[in-house]
Amino acid sequence: MNRTGIITLLTDFGLSDPYVAMMKGVILSISPDSRVVDITHDIRTGSIIQGAGVIQETYGFFPEGTIHLAVVDPGVGSKRRHIAVKADGHFFVGPDNGIFWPVIEMNEDAVIVDLNREEYFLSHITSTFHGRDVFAPVSAHLSTGKDLLEMGSVIEDPVRLDMPVPSKRTDYLYGQIMRVDHFGNLITNIRRDVLEEFLGQYDPVISVGNLEIKKLENIYSDADKGYPLALINSADMLEIAVNLGRASEYLNLNSGEEVGTMVKVGRYR
Amino acid sequence: MNRTGIITLLTDFGLSDPYVAMMKGVILSISPDSRVVDITHDIRTGSIIQGAGVIQETYGFFPEGTIHLAVVDPGVGSKRRHIAVKADGHFFVGPDNGIFWPVIEMNEDAVIVDLNREEYFLSHITSTFHGRDVFAPVSAHLSTGKDLLEMGSVIEDPVRLDMPVPSKRTDYLYGQIMRVDHFGNLITNIRRDVLEEFLGQYDPVISVGNLEIKKLENIYSDADKGYPLALINSADMLEIAVNLGRASEYLNLNSGEEVGTMVKVGRYR
Amino acid sequence: MNRTGIITLLTDFGLSDPYVAMMKGVILSISPDSRVVDITHDIRTGSIIQGAGVIQETYGFFPEGTIHLAVVDPGVGSKRRHIAVKADGHFFVGPDNGIFWPVIEMNEDAVIVDLNREEYFLSHITSTFHGRDVFAPVSAHLSTGKDLLEMGSVIEDPVRLDMPVPSKRTDYLYGQIMRVDHFGNLITNIRRDVLEEFLGQYDPVISVGNLEIKKLENIYSDADKGYPLALINSADMLEIAVNLGRASEYLNLNSGEEVGTMVKVGRYR
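Residue numbers (this note's numbering), protein chains in the order written: chain F, 1203 to 1471; chain L, 1203 to 1471; chain C, 1203 to 1471.
It is possible that part of the hints are untrue.
The list treats identical chains as interchangeable, and a pair is accepted whether it falls inside one copy or across any two copies.
Claimed, not checked - Each computed BS3-like pair below joins lysine-lysine, with the alpha-carbon atoms no more than 30 Å apart:
(1) 1466 to 1288
(2) 1417 to 1427
(3) 1288 to 1348
(4) 1348 to 1416
(5) 1281 to 1416
(6) 1466 to 1417
(7) 1288 to 1427
(8) 1466 to 1370
(9) 1417 to 1281
(10) 1417 to 1370
(11) 1370 to 1281
(12) 1370 to 1288
It is worth saying that the hints were derived from the structure and are not from the lab.
Can you make the complete structure from the sequences, with help from the hints?
Right under this line is the structure:
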């Protein structure tokens, strides 16, 4: 597999501490020509599910041969394995805690390696910062062209992740809000194809909290200023928004509790 | 025009979502040697005026041949055009909503192109994320040396933007606060030359809210700790600050309402 | 000394204004092949001590020959000198206000240069933004291989910084909290070696506010979910944390007042 020299980073570290910069320093020390691109460092603390969702949604926009380093790792230092995954033309490096499960599940020929060769780590491994001491050096070595299979042993039993999926019960499709974005848009786990199959010839009735929306719009400004709407977003997911406003505030949900809120879709003709 | 391979990004997307990273992935897929530099992703949601001001203030510090991609785009998906501008040795790519108007207005020989050649976009265009699907690929193609004139048709009627400008009435100069920066400094729209022409031989009396300042200082520490001052800042604009403090808190303006507040300048001998 | 072309940035500028981007534009204009890496721009406003601590903790993870540009500069425009330091294989560029003192103190052969050669600055120097007008161009010139000794005069009297150090009184070791990180972890100024020498054969009794911890753990998940713990962190400092929680909230300290809080260590067998 060709290597682009691009390494993406996704963590829940934030940017106010030097943790991300230390990882970049380690990477550049080993692989001076690599280019590091931040995906985000604002994953909700310890939320493997959110991290897994963002990786799945994002990696395909990078060229094949990119290495995606992800650290959302509440169990750092415990006996969980370090893994690297080769799938769909990309590499993924991080803890074996399910964060790469959606990628593995979608790619039957994914190769998963238990990173047990310590010569690819920093010489001194702390017990609380494997992002810097293990995953950054492994990613850097991969970017220089090192063979993944030399960096550990192939495994077949990676940790799985239960991602919440929509369910159909009687005449309704039940999903949930997965993420509130910077604009206050509520991003659900209902994919376009699932919704279309459920609706068939019918129109939707989308309920979230006290809000009921009976139509799918194409763009935000199809609704009047300050009015709520639903659309299929740029990641092909059902999204609840307010034109020139914040759906997260429009709905009377308690702040910070939007994630996990039920989204119920009915149908009418 | 030479190309530096540098592409700057300015958006109101924030950094907690993967939207900016998706744009970078698209850019690197098309133009692997380009280098992307963030200007800021914290433009106030939908504030074309703030975005336009920051671009105007910033682009000249980059080398000629740089491409400036800007997405503050509340009308995404509507019929507004996509444009690219060549002006003052730089390129600008984004929505035709006025965000580049200050640059166009200052450069009589600016060339403006309606980006209507879809072969320079991603193959699948969503209706809600033109930053990723249109502006990122166009910018990337430009950075590889593609001719701007092949990417669309020259237009003469770009959307204009009413930037608030200072006005002189009777014996006073009236401006307003355009931006509160990270330090709580209040940045006005009164340029050094406008102020100097107004003042002539006189000294200023600067009024904002209940505050009156009768002098221009050179540096923040010319005022005592915790005291307010006015100075001409590094962008040549009149700025109200508090030494080792926050002017935005010192003034009894409601938080978030500073922008737009009137700044009145009188003169005395 | 070889040059890697890497320039790191540390400031208290935040990322919502274009100030950091302007510095990057200036750097790339002078040194097109340099690569700029952000350490952090969220140093507490004006906190030279916090900036100095983060630099000391971080620089060693970058390759030798890296240039570290740091601007925490409440006295910008006053008569304080501009300096560059060569120490431990790295360069450091910024104001002479003590921010590099910990690096200088640790490296007896550090060379310190008063940057008094204006041909290495921007042609127009403002009095309020030396990060852009002085330190960015100097760093860029250094990265192209310019000799540090040609950029100014060697000095022997850099401004020193009083970093708070732990003290031993009667049977106790007294330190303090230096930083609250993104996870709410409380990072003290007590180094592993200082603690180990103090404890000898004894076990610790660590007191912060009302909290008493009688044990050092190895990893966060050694404590039950929501319970406090102490450990030696990845920077070899004593740290107070809460497993899957925030120590900064667990302790009944007023928000924002954690920094400076006393940490007292006793011992028992």
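Violations among the numbered hints, reported as their numbers in ascending order = 1, 4, 7, 11, 12
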